[in-house]
Each structure stands twice: as structure tokens, then as C-alpha cells.
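Student: Sequence:
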Amino acid sequence: MEDIIVKLSGLVKNLEQAGYQFVSATPVRMATNQTADSIAELEKHFPLPQELRDFYRRLDSIDFSGTPPQAWGGCEYPDPLMIDSPESALAELSDYLADTESYLEAYEVFRFPVSPDYYHKANVSGGPFYNIALSEDGPYTVTNTPYGDLALLDYLSFAIRWAGFPGLSRTMGHTWPVAQLRP
4 MEDIIVKLSG LVKNLEQAGY QFVSATPVRM ATNQTADSIA ELEKHFPLPQ
54 ELRDFYRRLD SIDFSGTPPQ AWGGCEYPDP LMIDSPESAL AELSDYLADT
104 ESYLEAYEVF RFPVSPDYYH KANVSGGPFY NIALSEDGPY TVTNTPYGDL
154 ALLDYLSFAI RWAGFPGLSR TMGHTWPVAQ LRP
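4 is the number of the first residue of the sequence shown in our numbering; add one for each residue after it.
Misleading hints may appear alongside valid ones.
Listed below are the simulated EDC-like cross-link pairs for lysine to aspartate or glutamate, each with C-alpha atoms no more than 16 Å apart in a straight line [claimed, not checked]: (1) Lys47 x Glu139; (2) Lys47 x Glu95; (3) Lys10 x Asp66; (4) Lys124 x Glu79; (5) Lys47 x Glu90; (6) Lys16 x Glu79; (7) Lys10 x Asp157; (8) Lys124 x Glu46.
For each label pair, taking beta carbons as the anchor points, the in silico distance ranges come out as [to be verified]: (9) Glu111 x Gly176: 32 to 42 Å; (10) Glu44 x Leu156: 18 to 28 Å; (11) Arg61 x Lys16: 15 to 25 Å; (12) Asp102 x Thr70: 34 to 44 Å; (13) Glu54 x Glu79: 28 to 38 Å; (14) Arg61 x Asn147: 16 to 26 Å; (15) Ser12 x Thr174: 44 to 54 Å; (16) Met4 x Glu90: 13 to 23 Å; (17) Glu44 x Asp6: 25 to 35 Å; (18) Asp102 x Val9: 15 to 25 Å.
Source of the hints: derived by calculation from the structure; they are not laboratory data.
Owing to the predicted nature of the structure, the values given are computational and were not obtained by experimental measurement.
Beta carbons are placed, not taken as given, at the ideal position from N, Cα and C, and that holds for glycine.
Please model the complete structure; the sequences and the hints are all you need to start from.
Tutor: Right under this line is the structure:
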């Protein structure tokens with residue numbers, strides 16, 4: 004996890020130096036007491052995979068949404084890296100607890116929100132959010148992504164390989180300087 008944090012910090016620095024304008028003043032938020040409290044509340048209802056617990060011990064959220072320099076084009080949906088804070092999982096838990104039977108009928112298991120899908124990140128109505136299904140027997144992978152089901156750290160590593168914008172992997176001919184942005 005430390006290696007991921009170092010790479011994320013390097014990406015933020017490189018993106019800012021290249022002229023990318025993040026929406027958030029803090030694109031990589033470190034964990035707080037509130038993060039720990041939220042995870043503890045969630046674990047009262049569901050055992051969380053170790054990888055997810057490890058992530059939230061160190062980080063609260065990641066949000067690479069923003070505006071690229073005009074010279075970076077050719078990709079309508081770059082899918083900026085986002086990992087929601089555990090508060091979004093608490094909101095999903097509230098829906099689950101309000102009507103568990105209907106929730107399970109619709110989704111079969113509790114879905115831990117990871118991130119909006121790439122359409123929603125571009126303010127376009129899209130599909131279901133990227134999530135980790137908390138079934139009793141796993142696998143605990145980030146699902147509903149266009150990149151296949153990946154373990155959380157694999158998803159983060161994949162996004163880092165694409166300078167924090169995994170949607171670029173699906174677009175030939177874009178002009179984003181991925182190699183120069185990597186830490």
C-alpha cells in the first residue's frame with residue numbers, strides 16, 4: 004500500500020506540473036478518525052476484505068477528476084481514478100438496511116461502492132457504480148468496470164499505469180502524455 008501511495012502522490016505532482024487542474028484541492032486524502040469510524044460501523048454488518056481494510060487504514064478517498072490541458076485530447080471518457088470514501092458505503096448500507104429483501108432481490112449481495120462508473124464521472128447518466136460484492140466466499144474484486152474484475156490493488160495499479168486515467172487504455176490515438184506523467 005505504501006508503494007501505491009507514493010505513486011499516487013507522484014502522479015498528482017506530475018499532473019499538476021503538466022497543467023492538469025484537479026477539482027479537489029486534495030486529490031489523495033489520507034485516512035482520518037472518521038474513516039476508521041465508518042469502517043468500524045460497516046464491519047458491524049459485513050466482514051470487509053483485508054485489502055479494503057488496508058486501503059482505508061491509510062487512505063480515505065482518491066479523486067482525480069478535473070480538467071486536462073487543451074492539448075490532451077482524443078478520449079471522451081478518460082475515467083479519472085476515484086475511490087469513494089467509506090461514507091458512500093454507509094449510504095449504500097442505509098439503503099440495504101431500509102429494505103434488505105428488495106436490495107438482495109436486486110443485487111444478491113451487499114455492494115460496497117468503490118467509484119462512479121466512467122459515464123457518471125463525465126456527468127453523463129451511465130451504468131452501475133464500480134463496486135466490491137461482499138459475498139461470503141468472495142472473490143472480492145472491483146466489478147462493473149470496463150477493464151474486467153480486478154482486485155482493488157490491481158485496479159489501482161492499472162489506473163496508475165495509465166497516469167490515473169484508465170479509460171485511456173480503451174482509446175487509440177489519444178494525445179495524453181501518459182509515459183511522461185507516470186511517477
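Student: Could you run down the list of hints and mark each one as holding or not?
Tutor: Against the structure, the hints:
Note on Lys47 and Glu139: the hinted pairing holds, with a Cα-Cα distance of about 15 Å set against a maximum of 16 Å. Under the criterion of a C-alpha separation no larger than 16 Å, the hint pairing Lys47 with Glu95 is consistent with the structure, at around 14 Å. A threshold of 16 Å between alpha carbons decides the hint, and for Lys10 with Asp66 the separation of about 14 Å falls inside it, so the pair holds. Straight-line distance between C-alpha atoms of Lys124 and Glu79 comes to about 11 Å, which keeps the hinted pair within the 16 Å bound.
Between Lys47 and Glu90, the direct Cα distance comes to roughly 15 Å. Compliance with the 16 Å bound is thereby established for this hinted pair. For the given pair, Lys16 sits about 24 Å from Glu79 by alpha-carbon distance, which is inconsistent with the 16 Å threshold. Simply put, Lys10 and Asp157 have alpha-carbon atoms about 14 Å apart, close enough for the 16 Å limit, and the pair holds. For the given pair, Lys124 sits about 28 Å from Glu46 by alpha-carbon distance, which is inconsistent with the 16 Å threshold.
The hinted range of 32 to 42 Å is satisfied by Glu111 and Gly176, whose Cβ atoms lie roughly 39 Å apart. In this structure, Glu44 and Leu156 meet the distance hint of 18 to 28 Å, their C-beta atoms being roughly 24 Å apart. At about 18 Å, the beta-carbon gap between Arg61 and Lys16 stays in the expected band of 15 to 25 Å. Between Asp102 and Thr70 the Cβ separation comes to about 39 Å, which falls inside the hinted range of 34 to 44 Å.
As the Cβ distance of Glu54 to Glu79 is approximately 31 Å, the hint placing it in 28 to 38 Å holds. One distance hint, 16 to 26 Å for the beta-carbon pair Arg61 and Asn147, holds here, with the actual separation near 24 Å. Take Ser12 and Thr174: their Cβ atoms lie about 26 Å apart, and the range 44 to 54 Å is violated. Between Met4 and Glu90 the beta carbons are some 20 Å apart, a value that agrees with the proposed interval 13 to 23 Å.
In this structure the hint that Glu44 and Asp6 lie 25 to 35 Å apart at CB holds, the actual value being about 29 Å. Separated by about 43 Å at the C-beta atoms, Asp102 and Val9 break the suggested range of 15 to 25 Å.
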